[in-house]
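Peer 1: Here the protein sequences line up with chains P and W, keeping their order.
Residues 1 to 589 in my numbering are what the first sequence spells out, letter by letter.
Residues 590 to 776 in my numbering are what the second sequence spells out, letter by letter.
Derived from the structure by calculation, the hints contain no laboratory data.
Please read these numbers as outputs of a predicted model, since none were measured by experiment.
Be aware that a few hints might be false.
In silico DSS-like cross-links for lysine-lysine, where the CA-CA straight-line distance does not exceed 30 Å [claimed, not checked]:
| hint | chain 1 | residue 1 | chain 2 | residue 2 |
| --- | --- | --- | --- | --- |
| 1 | P | Lys133 | W | Lys625 |
| 2 | W | Lys605 | P | Lys485 |
| 3 | P | Lys490 | W | Lys764 |
| 4 | P | Lys490 | W | Lys625 |
Label pairs and their calculated CB-CB ranges [said to hold, decoys possible]:
| hint | chain 1 | residue 1 | chain 2 | residue 2 | range |
| --- | --- | --- | --- | --- | --- |
| 5 | W | Phe672 | P | Asp99 | 18 to 24 Å |
| 6 | W | Ser650 | P | Arg449 | 34 to 40 Å |
| 7 | W | Ser650 | P | Pro84 | 52 to 58 Å |
| 8 | P | Ser122 | W | Lys643 | 51 to 57 Å |
| 9 | P | Gly34 | W | Phe672 | 20 to 26 Å |
| 10 | P | Arg5 | W | Lys643 | 51 to 57 Å |
| 11 | W | Phe672 | P | Ser493 | 52 to 58 Å |
| 12 | P | Asp99 | W | Gly715 | 22 to 28 Å |
| 13 | P | Asp141 | W | Cys734 | 47 to 53 Å |
| 14 | P | Gln32 | W | Glu726 | 55 to 61 Å |
| 15 | W | Gly711 | P | Glu495 | 17 to 23 Å |
| 16 | P | Pro84 | W | Gly711 | 55 to 61 Å |
Computed footprint of chain P on chain W; a stretch qualifies when at least three of its residues, placed anywhere within it, have a C-beta under 8 Å from a C-beta of chain P [unchecked claim]:
| hint | stretch |
| --- | --- |
| 17 | 599-611 |
| 18 | 642-655 |
For every residue, glycine included, the Cβ atom is placed at its ideal position computed from N, Cα and C.
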Amino acid sequence: MIAKRRKKITLTIDGNQVTVPEGTTIMQAAEQIGIRIPRLCYHPDLSLAGSCRVCIVEVKDMGHYMASCSSPVWEGMEVRTNSPEIREARRDIVELLLDNHPMDCQTCERDGNCELQNLAYSLGVRERLYEGKRKEFPIEDSSVSVVRNPNKCILCGRCVRVCAEIQGVYNLSQHGRGFYTVVAPAHKANMDDSVCIQCGQCINVCPTAAFLEKSSTEAVWKALADPNLHVVVQTAPSIRAAIGEGFGYPPGTPCTGKMITALRLLGFEKVFDTDLGADLTIVEEAHEFLTRLQTGGPLPMITSCSPGWISFLEKFYPELIPHASTCKSPMSMLSTLAKTYYADRMNIPPENIFMVAVMPCVAKKYEAQRPEHLMPDGRPYTDAVLTTRELIWMIKCYGIDFTRLPDGQFDAPLGIASGAGDIFGTTGGVMEATLRAASRILTGKKPDRLEFTEVRAVEGLRDTYVAIGERNVHVAVANGLNNAKQVLNKVVSGEEHYDIIEVMACPGGCIGGGGQPYPSENYHVLDPQLLRKRAAALYTIDGSKELRESYENPALEELYETYLGSPGSVKAHQLLHTQYRPRLPRGIR
Amino acid sequence: MNPHCASSTNNWPEVKAVAERLLGDDVVQFIEECRKTSEPNSYLIAVLHKVQSKFGYLGASHLDAVAQLMQIPAAKVSGVASFYHYFRLQPRGKFIINLCLGTACYVKGADRLAEKLKEELGIDFGETTSDGMFTLEGARCLGACSLAPVMLINDDMHGTVTPDQIPIILDRYLKKAKQETASKSAS
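Use the sequences and the hints to build the structure in full.
Peer 2: Right, here's the structure in full:
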């Protein structure tokens, strides 16, 4: 509505007349006539930097090229996006960006999907005229999730911006000056000694390989080749919604069946579904929530599935730790069951089981290593965490023709899951699954509605009341931690009373996680269109299932009957719950 | 309360107390004044000046304390501190050696003095000895070319220095420092 009231500006771009609202940039105006000006530091969902100069255009009578990403249009402006001189200037800019670059493209993790490489190609860089001094920073791999390689950094600042503006963490900043400038946490400290919450959004927005996940593929190949190990795998809900993108499927294509078959071909003996862990989380969490409602708190209860969020909680909002659900995440619940319940049933010693988790998330690599998630003998319940990207690479490396695979099915006993488990992968999904469960418990009968569309929140924040039985429950859903801050600050100040809050660290939830595939050509990282498509895939899977409530999952019924007892039992607490503690350095909120 | 959690998990009072103790009352008060203004963040550089003039340098713990008390992300504080040449991130020695590397001193052998100083102190330009005694800096011209090669130690000018005099000169300062400490502890 506001846009309509804005003054209109008419300008010409490459001889075409364009009319746009006042305040539009040259880059945005050019997009309206189908010209995508080359760009690098620009990101539509982050603030403007104007630092790379790749997007320069010629404006009549200006006497110098202008950065189209950060220059607003004016009446009568005459823009040329292309001429031999502009193309040459752009090519020179990229050549200069490359002059201190390692140029090890063939052995680089980003080979084939590097924005700098793509730009160099599309702008016609065919030789290196400038051979500059190379950067010689050490590669920093102190973190179990994120590896920082400043030698590949082109100082575009996208990581700094995503960390500050989307995640509210502000762990990264440019340090020093000139050639020695480096993007790093405070005091150029190791990522491990910083306020980093390991969400991996820096990896997603980096145009090169200056940020990458710490690879676990070698450990998994080794385990698969070990005849003494029983290697099992679980896949998070959001993998099935995104893995297809790695094999040319349009975003939002559910690929559950092909993914399972591919995992079998890779050599995993059992393919389990993290969704069952999600169902179990819901049952335990709903029980915990209702206990808190009856015994006076602490409320709001805040969900605890997202390890990036948990890390943020411990570093930024430690006083809210008692509010976090003590439930382990679905991944950790399933891994624990694999090495206890499943090991018992199959008569396999737990130390012979190698549990791999495929996650959309790099923070899960950190979660798996947390001392609370180790077995009594000190070994982790989850032996290795692969990101969606790593799994796609392994499938390609093996030579599996993904698109031609028949559909497979998850394995019993940890492979049966409800649709409520599927939607865990998207923002609002945990809340919706909880509301389904809570309505059943509070009303004592099958809920009259299963879809709570009011909590679906790709936009970032939802704050609403949901009527369940007699109660009007105040709920909030946040994704992207800068959004979460808004809700959490209200809890801290006491300004608002909530009953239950869902927080997922990454924009869009797990579907936008730090380990998801780099977007294909027509999309960008953080793109709401892309996130909506991936979310839609999960809602489609949920909608097509008969079984849509965690409480109806027959596998859980058996699990409680034969092994755990009842929800919230002593055994359930021993195996399925965890704890948190404040951690330093304390973040600024 | 949640059975899995410690009763109080709020570490702010502790974090705040550590920061205040480190920076001292005068700096804390200055920060509080700044925070009362409409643009508190714009005082970051002023606060860093204050801290550096008090401690001689900006250590990581000083910067963290400033970040907590001003509620500005530590990465931003250390990014700013590392950008400006004026801010020093390492402690400076008791004695600042400014070796003149200007043209006249250079042709008279300042390069050999530089080598000898580095060897004797075990540090490079811009660094400080581990005992905190000496910081070695290079200067462009000290305006005493007739005495070339020259070096300035704190406010004392040393002219026509030869490499073999270096250990003797350094030793004199070490003795001076020792005497000062001795007389301080005696009083």
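Peer 1: The structure should be examined with respect to each hint, and the outcome stated for every one.
Peer 2: Quick rundown of the hints versus the structure:
1. With a CA separation close to 47 Å, the supplied pair P:Lys133 and W:Lys625 exceeds the 30 Å bound.
2. A threshold of 30 Å between alpha carbons decides the hint, and for W:Lys605 with P:Lys485 the separation of about 21 Å falls inside it, so the pair holds.
3. Taken as a hint, the P:Lys490 and W:Lys764 pair is broken in the structure, with Cα atoms around 61 Å apart against an allowance of 30 Å.
4. Using a Cα cut-off of 30 Å, the hinted pair P:Lys490 and W:Lys625 holds, with the two alpha carbons roughly 22 Å apart.
5. At roughly 23 Å, the beta carbons of W:Phe672 and P:Asp99 sit within the given window of 18 to 24 Å.
6. Checked against the given bound of 34 to 40 Å, the beta carbons of W:Ser650 and P:Arg449, roughly 55 Å apart, lie outside it.
7. Between W:Ser650 and P:Pro84 the C-beta distance comes to about 56 Å, which sits within the given range of 52 to 58 Å.
8. Our hint of 51 to 57 Å for P:Ser122 and W:Lys643 holds, since their Cβ atoms are close to 54 Å apart.
9. The hinted window of 20 to 26 Å between P:Gly34 and W:Phe672 is violated, with their beta carbons roughly 41 Å apart.
10. Between P:Arg5 and W:Lys643 the CB atoms are about 53 Å apart, so this pair conforms to the stated range of 51 to 57 Å.
11. In this structure the hint that W:Phe672 and P:Ser493 lie 52 to 58 Å apart at CB is violated, the actual value being about 35 Å.
12. Range check, P:Asp99 to W:Gly715: about 27 Å between beta-carbon atoms, so the 22 to 28 Å window is met.
13. In this structure, P:Asp141 and W:Cys734 meet the distance hint of 47 to 53 Å, their C-beta atoms being roughly 51 Å apart.
14. Range check, P:Gln32 to W:Glu726: Cβ separation about 57 Å, and the 55 to 61 Å hint holds.
15. Hint check: W:Gly711 to P:Glu495, Cβ distance near 58 Å, so the stated range 17 to 23 Å is violated.
16. At about 58 Å, the beta-carbon gap between P:Pro84 and W:Gly711 stays in the expected band of 55 to 61 Å.
17. Counting residues of the stretch 599-611 of chain W whose beta carbon lies closer than 8 Å to any beta carbon of chain P gives 4, which reaches the threshold of three, so the coverage claim holds.
18. With a threshold of 8 Å between beta carbons, the proposed coverage of the stretch 642-655 of chain W by chain P holds, since 3 of its residues qualify and at least three are required.
Checked against the numbered hints given earlier, this structure breaks hints 1, 3, 6, 9, 11, 15; the rest are met.
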